[in-house]
Amino acid sequence: MKNQDYIEKWLAGTLNEEEKSLFEKTDEFKSLQRMDRALLLFKPAPFNEDAAYENLKARREKVARVVQLNWSVVMKIAAVLVVAIGSYLYLSTSYFAAKEELYQTGIGQTREIALPDKSVVTLNAMSSISFSRNTWNAERKITLEGEAFFAVVKGGSFQVSTEAGVVTVLGTQFNVKDRDGFYEVTCYEGRVQVAVAGDPVQLTAQQSYREIEKIATDAPVELTETPSWFRNESSFQRVPFREVLNELERQYDVRIKTLDVDVTQSFTGKFPNTDLTTALQSVTVPFGLSYKANGKEIVFHGD
Amino acid sequence: MEPDQHVCEDATFRRIFKECSCDLHNFLYYKYGADNNPEDLMQEAFARLWDNCRKVSPDKARSFLFTVANNQMLNDLARKKTALNYQKEDHVTQTHESPHYLLEEAEYMNRLQRALEELTEEQRVAFMLNRIEGKKHREIAEILGISQKAVEKRIYKAVESLQEKIGKF
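Those protein sequence lines, which keep their order, are chains S and C.
Using this note's numbering, the letters of the first sequence correspond one by one to residues 534 to 836.
Using this note's numbering, the letters of the second sequence correspond one by one to residues 994 to 1162.
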């Protein structure tokens, strides 16, 4: 039997037992099965049948009413309405335009948010984005606090503002991290423009721009296709130790204190985001530090 | 003669609404997409049924509704491009589900959505009524007014085109 026959029979539900068990072993079947599962999400949301019926009934019963109009009264009412609606629109435009949606994550959380144009933002822990749905079609602008990865669909300009600066793209994938004096933009695909004092910086795939305490600093080449936190890791290349500890506090519900530790020295390495003990060892061992946990407070000791 | 010769009786009309409104709505949605107001179109078709209630017997009401709604759509010059939606959850995780997996899943859904939107209206409506609504080939043939063989052909063509557009996943 040909492949097409199998699929046709499967669709019609007329495979016999033997054919069925043969077909179910194929990759073809598995991909069809996956599609079937995914398709269920396309079922439209059920509408409220009773409400729809009432609606219909109201429409049916509406009878054309003939009303004698007194035009001078109509004009007076119209004049009042023009003024009222006009001032309402004037006053409310700024309010509606400014109405922003906020999405945030807590400690150790990540979250995926679909934007109106189907671009996708993934937030790392303790981060937030806000944007205005009303004005989205006119301008794609997002405000970010913390760290997020953006997969932007092609279209007009797409802007991400953080306290440290503005990143502009057309359609691409990139990560923005703005955390307590550490600002880093990494481009994974396409082209990204970072606004800085002076000429803007252009990044292409694998390039990063980095500022530490507002000073532009050499950034490493990014070799992976997505940020490390997509793989439940936090990875660092020559990053001040202070920022590494801050990231630990964002990924785990702990507070870290240091005693005789130089937090300005730079750290290269990574820690897992799902296993606190390993994470603590990952950052203390390289510097020969020890740590003591006391509830949620963890103290790092230098020698 | 049967008691309800036509659909002007309130109870009869209500029963037809209950039986057909959801099917009609979903049919319009699968065929023309969310941006063409399937719910309004459905309501409009029922309003037309009411206007013509003396001329339509209950057993013909269903096909009347589908024909009216479909014609109306075909004649609508301002018709919008087909856009389908799927339920997208905001994934809030404690990082146990890897975001990479979620992104891949989202990519799959995106491709599936695009591939569905690119099917011909005929293929899409037959395919989705079968796979999502679980309608039998015979029932779809009745709704669309075509032969059962033609339904099978359309569904198979749809599968072929989807597989090709989604690619390896």
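Hints were generated in silico from the structure; no laboratory data involved.
C-beta atoms are modelled at their ideal positions from N, C-alpha and C, and glycine is treated no differently.
Misleading hints may appear alongside valid ones.
Short derived list, chain S residues pointing at chain C, Cβ under 10 Å [unchecked claim]:
hint: 1; residue: 540
hint: 2; residue: 546
hint: 3; residue: 549
hint: 4; residue: 573
hint: 5; residue: 575
Results for each hint:
With a cut of 10 Å, the hint placing residue 540 of chain S at the interface with chain C holds, because the nearest CB-to-CB distance is about 6 Å. Proximity of residue 546 of chain S to chain C holds as hinted, the smallest CB-CB distance being about 9 Å (cut-off 10 Å). Of the supplied interface hints, the one on residue 549 of chain S is violated, with its beta-carbon coming no nearer than about 18 Å to a beta-carbon of chain C, more than 10 Å. Among the interface hints, the one on residue 573 of chain S holds; its C-beta lies about 6 Å from the nearest C-beta in chain C, closer than the 10 Å criterion.
Given hint, residue 575 of chain S at the interface with chain C, holds; its Cβ is 5 Å from that chain's nearest Cβ, closer than 10 Å.
Consistency with the previously given hints fails for number 3 only.
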